[in-house]
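Trainee: Using the sequences and the accompanying hints, generate a full structural model.
Line by line, the protein sequences are chains L and Y.
Read in the numbering used here, the first sequence has 32 at position 32, and its numbers run on one by one without any break.
Read in the numbering used here, the second sequence has 280 at position 280, and its numbers run on one by one without any break.
Note that these hints are calculated values from the structure, not bench results.
One or more hints might be untrue.
Claimed, not checked - Cross-link-like lysine-lysine pairs, in silico, DSS-like; alpha carbons within 25 Å at most:
id : chain 1 : residue 1 : chain 2 : residue 2
1  : L       : Lys63     : Y       : Lys432
2  : L       : Lys63     : Y       : Lys433
3  : Y       : Lys433    : L       : Lys64
Note that the structure is a prediction, hence the values are computed from the model and not measured.
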Amino acid sequence: MRRADVVGSLLLLTISLLMLLVVIPSEVSDGQWYVLSPYAYPNAICGALVIFSVLLLAQALFKKNHYEPEQKKILSLFQILIFVLLVALITFGVWLISVLGVLIGGPILIMSIALIMGERRLWVLLLSSVLPVLVIYGLAIYVLKTPLP
Amino acid sequence: MIDYFLAAFNDVFTVKMFAYIALGVSIGYLVGALPGMNRATAIALLIPFTFEMPALIAISFLIGVNKGGAAGSAVSAILINVPGEPSSVVTTIDGYPMTLKGESQKALKVALYASVIGDVLATIALIVLALPLAKLAVGLGPIEISSILIFAITFIAAVSGRSFYKGIISGLFGLLLAAIGLDLETGLPRLTFGFIELYDGIPLLAVAIGTLALSEVLVQIDKAWRGNYAHKVNQIKAPSDDASRLSMREFIGLLPAMLKGTFVGIVIGILPGLGATLASFLSYAWVKKASKHPEAFGNGAPEGVAASESADNASVPATLVPVFAIGLPGSVATALLMGAFMMHGLTPGPFLFRDNNELVYGIFLGMIVASFMLLLVGTIGQRFFSRVISVGDTVILPVIVFLCFVGAYLEGGGLFGVYLMIVFAVVGYFMKKYDYSFVTFVVGYVLGPMTELSVRQALIISDANPATLINHPVAIVFLLLAVFSVWRFSAGNRPKLPN
Chain L
1 MRRADVVGSL
11 LLLTISLLML
21 LVVIPSEVSD
31 GQWYVLSPYA
41 YPNAICGALV
51 IFSVLLLAQA
61 LFKKNHYEPE
71 QKKILSLFQI
81 LIFVLLVALI
91 TFGVWLISVL
101 GVLIGGPILI
111 MSIALIMGER
121 RLWVLLLSSV
131 LPVLVIYGLA
141 IYVLKTPLP
Chain Y
1 MIDYFLAAFN
11 DVFTVKMFAY
21 IALGVSIGYL
31 VGALPGMNRA
41 TAIALLIPFT
51 FEMPALIAIS
61 FLIGVNKGGA
71 AGSAVSAILI
81 NVPGEPSSVV
91 TTIDGYPMTL
101 KGESQKALKV
111 ALYASVIGDV
121 LATIALIVLA
131 LPLAKLAVGL
141 GPIEISSILI
151 FAITFIAAVS
161 GRSFYKGIIS
171 GLFGLLLAAI
181 GLDLETGLPR
191 LTFGFIELYD
201 GIPLLAVAIG
211 TLALSEVLVQ
221 IDKAWRGNYA
231 HKVNQIKAPS
241 DDASRLSMRE
251 FIGLLPAMLK
261 GTFVGIVIGI
271 LPGLGATLAS
281 FLSYAWVKKA
291 SKHPEAFGNG
301 APEGVAASES
311 ADNASVPATL
321 VPVFAIGLPG
331 SVATALLMGA
341 FMMHGLTPGP
351 FLFRDNNELV
361 YGIFLGMIVA
371 SFMLLLVGTI
381 GQRFFSRVIS
391 VGDTVILPVI
401 VFLCFVGAYL
411 EGGGLFGVYL
421 MIVFAVVGYF
431 MKKYDYSFVT
441 FVVGYVLGPM
451 TELSVRQALI
461 ISDANPATLI
471 NHPVAIVFLL
481 LAVFSVWRFS
491 AGNRPKLPN
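Mentor: Below you can see the structure in the form of structure tokens.
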């Protein structure tokens, strides 16, 4: 975890500094204020983030005995690939639902995740993808009276 | 107090209310029984389905889910040695050996009765403690509230997770996210990146469902792929009739362990951030130490199951004490419940008793009903829940992904909310993998607006002059406690938990 903490703290430090120096000055609208400038609160939080990121970095670099013996790898390349694939699949599924609607896109999303996970029984695939979508769709439309795409 | 209960009686003792509480407890039990899924996830996914319900039913339903989840997590811990929630890790120590001895049904009964006893007594403690504490809290001004919030976030960061720095970074990240939206004073957009959808802030459910539910699904799919999750249901020895029974004598013999667990659960539950896991560990250690046969622990001692499960369930109502008293959530589940309160137009905290007295006592009554419903659902559904854990991940996880979509969509953000949820799922996945505290993050996010408001008010009152703190001893105490937490729990000074 030590190496992960070094990378993580550097990443956090970069993000916090970017927030302080670039994002907050450009993304906070200035207006008439009396007590606290609109920049003050997010600046204070990001300032604290910078401090604690540096402390985390210092701990990871200089306090080796704080850490257990280094594990092989927190995330392997294979895991990262699976993760990226899954996120891409879910994002595509959401886009599909927005285009085709929940009644068609929903079962496709569920079925494709189940297929990727190794489910091959056709009846399980059909039942687990169609039934929940119908139940939830009915619940949203008729009970909650909220339209779904 | 009796008058308030009588006034709420008619609202609570209706078929509809009982049906929703039973449904909530059953769903919670089911989710708790499934390894890897937890009650906070269930609450996040179910909040959107409560939008059309009256506030009393909605909150009681969600509390039912919370209670059911705490009790249900023992099922997989006992049957397959995989705790449904971290707080049931301790239950595996004696629960699973009981299963191996053919006493699985007996272990499940001990866990259920311990859960119910812990739950009922802690609910009574909540009812007794919340109002006096709320009366005290009414006298607190913005300066005191600011210092309490600073202490709470620091303390939760200090005690949750393995690293104080990561905890505090998570809390700050939550506070920063809560700052997105319209500025309180100027009314102009702040960090919205031109998205009108962000003017009201980032939707709570997009954050909660993304970081809690969807990220957890991603982790579970990852585990399922790598085969870390082999269910061992088929290897369980079939219980004999004798081994299934829990006699009255045995039950009475287990009562001291249950009461000790309940006491620990209540005390630990009230303190923000400590959580049910620590409660069940401490309770188990206490009961083992006090036992005449400590050598039996770890080899299937029912007292071990009773101690951990009573503490686990007792901590559920106890975590609501600071929510009702000062509007301070101490766990992810209570932070989400607090979010549900706000979505139903209620502000948790001392003024809830003043403004919605009948509702508060209605919720208390609903909680007692939920405790007994827990007994009913657990007793009737014991064998059903035992079988549910054998349902494959390939069926459950894809459906949960779809539920995440619906949950994020229903909050009102539409597809924007859904895409935000996916972003937070990615964030949550890496937070989980690299041990950044979820509790502090969610608590920071939920408390963000309140923190900013009270800090602003405190600055106005004090004219931004720190010297005025001298007139606010309560604030000084909490600020000193915050500093102490930082010193005590930061690198090198962190105390070790008992083995």
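Trainee: For every hint, state whether the structure bears it out.
Mentor: Status of each hint after checking the structure:
1. Lys63(L) x Lys432(Y): It holds: about 23 Å lies between the C-alpha atoms, which stays within 25 Å.
2. Lys63(L) x Lys433(Y): Holds: lysine 63(L) and lysine 433(Y) sit about 21 Å apart, inside 25 Å.
3. Lys433(Y) x Lys64(L): holds, 20 Å
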